[in-house]
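Enquirer: Take a look at the letters that make up each chain.
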Amino acid sequence: MKKSHAIISVLLLVSVNTYASDALAEGKRLYNETCISCHGATGATDTDIKLIVKPRKLKESILSAAQMVKIISEGGHTYGAHSDIMPAFKYVYDKAQIKSIAEYVSQTFNSQRNARVKKHLSEANVQKIDAQKMYKIGKKIFKRNCSLCHGLKGDGKSIYVEQSKANKEFLYPYDLRKTILSEDQIFLMVKFGAHYWGADKEDMPSWKKKYNDTKLRSVAHFVKTKIVGTD
Amino acid sequence: MKKIVTTLLVAGALSVTLSAKNWVVNQKGKTFIPSKLTVHVGDTITFDNSDPFAHNAYTDDEANEFDVGMQPTGKETHMKIKSKESFNVECAIHPNMLLEVTVE
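Which chain is which? The protein sequence lines are A and B, in order.
Residue numbering for the first sequence follows the numbering used here, beginning at 1 and increasing consecutively.
Residue numbering for the second sequence follows the numbering used here, beginning at 1 and increasing consecutively.
I should point out that these hints are in silico values taken from the structure, not numbers from a laboratory.
Treat the hints with care, since some could be wrong.
Unchecked claim - Straight line, CA to CA, 20 Å or less: simulated PhoX-like cross-link-like pairs of lysine-lysine: (1) 201/A <-> 139/A; (2) 30/B <-> 210/A; (3) 140/A <-> 153/A; (4) 30/B <-> 201/A; (5) 201/A <-> 140/A; (6) 210/A <-> 82/B; (7) 201/A <-> 28/B; (8) 191/A <-> 30/B; (9) 209/A <-> 30/B; (10) 208/A <-> 30/B; (11) 140/A <-> 118/A.
Work out the full structure: start from the sequences and follow the hints.
Expert: Next up, the structure:
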């Protein structure tokens, strides 16, 4: 009896591993069929493609595999990107295929993502303050700094964007109301800037020299509680 | 007597006006150029945006508080030094921009 259990367990393990490896191979195949033209063979955007907004370096992305599934399925615009340069692939691939692409990207190019995020969060020096105080600090900084690009409502519409467009400076701040980033991720994005997490330019700069971790965490708290989901 | 006092007052005011300087600070490459200034009360600082995108200049210093708001390319804005207190000027959009103003 014991022996048959062991055999079944081994068979199950082999079958799970085979399935995972098949899914990964399928993800690679689909990635090379579609995504490679913008994001490059190694996820480093090492391509000659000319787009207004250069595609993100997937190997530096802050997104989890589950979040990538959402972006690949619905497109970047659905989750706050200004343009639909990253289109919705749900019309091209089924759910299993999209999941396999996300897993391939996460495991092949961005395998250090979890460790990187965890390290930065554990190193953050955030003082314990009550949520109300945090909200107040975050609101003040958001109004003073963030709103100049993202707008007071966080919808990515501001005078700065309009004036920059007139000067052919391509700047497309995210509509923060639609972001799928967690509060932790928003904090890390604000602290290190979008370039650190794979964006081509420093349009969204790092604020770590200007504000301490407690203040930056307060901004993330304000955005998550007041802005996200208000569209 | 009255005439003399008036004359002296006018002369005094004129001398302050004449001695007040205008300092030009260029906003270029996401930096303030120069990045340090030594000024006097009554002086003016002109901010001149040479970058191909908008800037901002503000200080939270209470005595010299000012905020130029949004400053598009090519636009000049001015601030007058009101108090003998040194302060920093920053750009609300670009966090690495810093101008240190010493008021003597």
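Enquirer: Each hint should be assessed against the structure and marked as holding or not.
Expert: For each hint, the structure was consulted:
1. 201/A <-> 139/A: 26 Å, violated
2. 30/B <-> 210/A: 15 Å, holds
3. 140/A <-> 153/A: Roughly 13 Å between the alpha carbons, so the hint for residue 140/A and residue 153/A holds.
4. 30/B <-> 201/A: It holds: about 14 Å lies between the C-alpha atoms, which stays within 20 Å.
5. 201/A <-> 140/A: The given pair, whose Cα atoms are some 26 Å apart, is violated under the 20 Å limit.
6. 210/A <-> 82/B: Answer violated: residue 210/A to residue 82/B is near 26 Å, above 20 Å.
7. 201/A <-> 28/B: Between residue 201/A and residue 28/B the Cα gap is close to 17 Å, so the pair holds against 20 Å.
8. 191/A <-> 30/B: Between residue 191/A and residue 30/B the Cα gap is close to 19 Å, so the pair holds against 20 Å.
9. 209/A <-> 30/B: 15 Å, holds
10. 208/A <-> 30/B: With Cα atoms ~17 Å apart, residue 208/A and residue 30/B stay inside 20 Å; holds.
11. 140/A <-> 118/A: 28 Å, violated
Consistency with the previously given hints fails for numbers 1, 5, 6 and 11, ordered from lowest to highest.
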